[in-house]
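The whole structure should be built from the sequences, with the hints applied where relevant.
Residues per chain are reported as follows:
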Amino acid sequence: DAGITQSPRHKVTETGTPVTLRCHQTENHRYMYWYRQDPGHGLRLIHYSYGVKDTDKGEVSDGYSVSRSKTEDFLLTLESATSSQTSVYFCAISEEGETEAFFGQGTRLTVV
Amino acid sequence: AQSVTQPDIHITVSEGASLELRCNYSYGATPYLFWYVQSPGQGLQLLLKYFSGDTLVQGIKGFEAEFKRSQSSFNLRKPSVHWSDAAEYFCAVGFLTGGGNKLTFGTGTQLKVEL
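Line by line, the protein sequences are chains A and B. Following the numbering used here, the residues of the first sequence are numbered contiguously, the last one being 433. Following the numbering used here, the residues of the second sequence are numbered contiguously, the last one being 95.
It is worth saying that the hints were derived from the structure and are not from the lab. One or more of the hints may lead you astray.
Unchecked claim - Cβ-to-Cβ under 7 Å is the rule here; a few derived chain B residues that face chain A: (1) L24; (2) F70; (3) N81; (4) G86; (5) T87; (6) G88.
The beta carbon of each residue, even a glycine, is placed where N, CA and C say it ideally should be.
The following block contains the structure:
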């Protein structure tokens, strides 16, 4: 299995609070991605990173921000959580020139 | 707009029966094509992928998929399903760009296997 660790694995938070999810990789892959998974929608790309401090928006980026200060860590922040952000969040990584993406185990976030 | 369609939300098959999961895509060019499987509470595991060449690709766990350009389809098949194949299956497409391989997923097909 690719060395991807997501933390926390489960979290319950209140509406309006900030939340940060962490993705840590030990593969030294260049690209990192955050997806959310919702019933009836499959997985949708939130943000991605193509290098340290290089990030860009995906399909559903509103309400989310990201940061990548080190190759191995990619943080996803919900500045003010809303109930619509209740979801399962997946981190993925891929190497330059390679098409295969490897996924973490996911973080289940519930906003109450 | 670019899209990936998995028309079957749920499929139930008997153990030992054959399986075909459908996937259609709408893109201006032929993208890279993938099938992923997700067991309950788990992440996604790559079953197989297609880039070019032979249109019938073999994957892990006895799965195969056939790319048909004329139909913009990439259907997943297995000759004989095992109870352990019960899971959710996602078709995905992507392109290699400066942003890596950003994937677009279908909505998934939940497979139930009856013993």
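Minimum beta-carbon distance criterion (7 Å), B:L24 to chain A: Check passed: Cβ of B:L24 comes within 4 Å of chain A, closer than 7 Å.
Given hint B:F70 near chain A, where the shortest CB pair must fall under 7 Å: holds, 6 Å
Proposed interface contact between B:G88 and chain A, which counts if any beta carbon pair is under 7 Å: For B:G88, the interface hint holds, since the closest Cβ of chain A sits about 5 Å away, which is under 7 Å.
Interface hint status, B:G86 versus chain A (Cβ within 7 Å): holds, 6 Å
Interface hint status, B:N81 versus chain A (Cβ within 7 Å): holds, 5 Å
Given hint B:T87 near chain A, where the shortest CB pair must fall under 7 Å: Nearest chain A Cβ about 4 Å off; hint holds.
Checked against the numbered hints listed earlier, the structure breaks none of them; every hint is satisfied.
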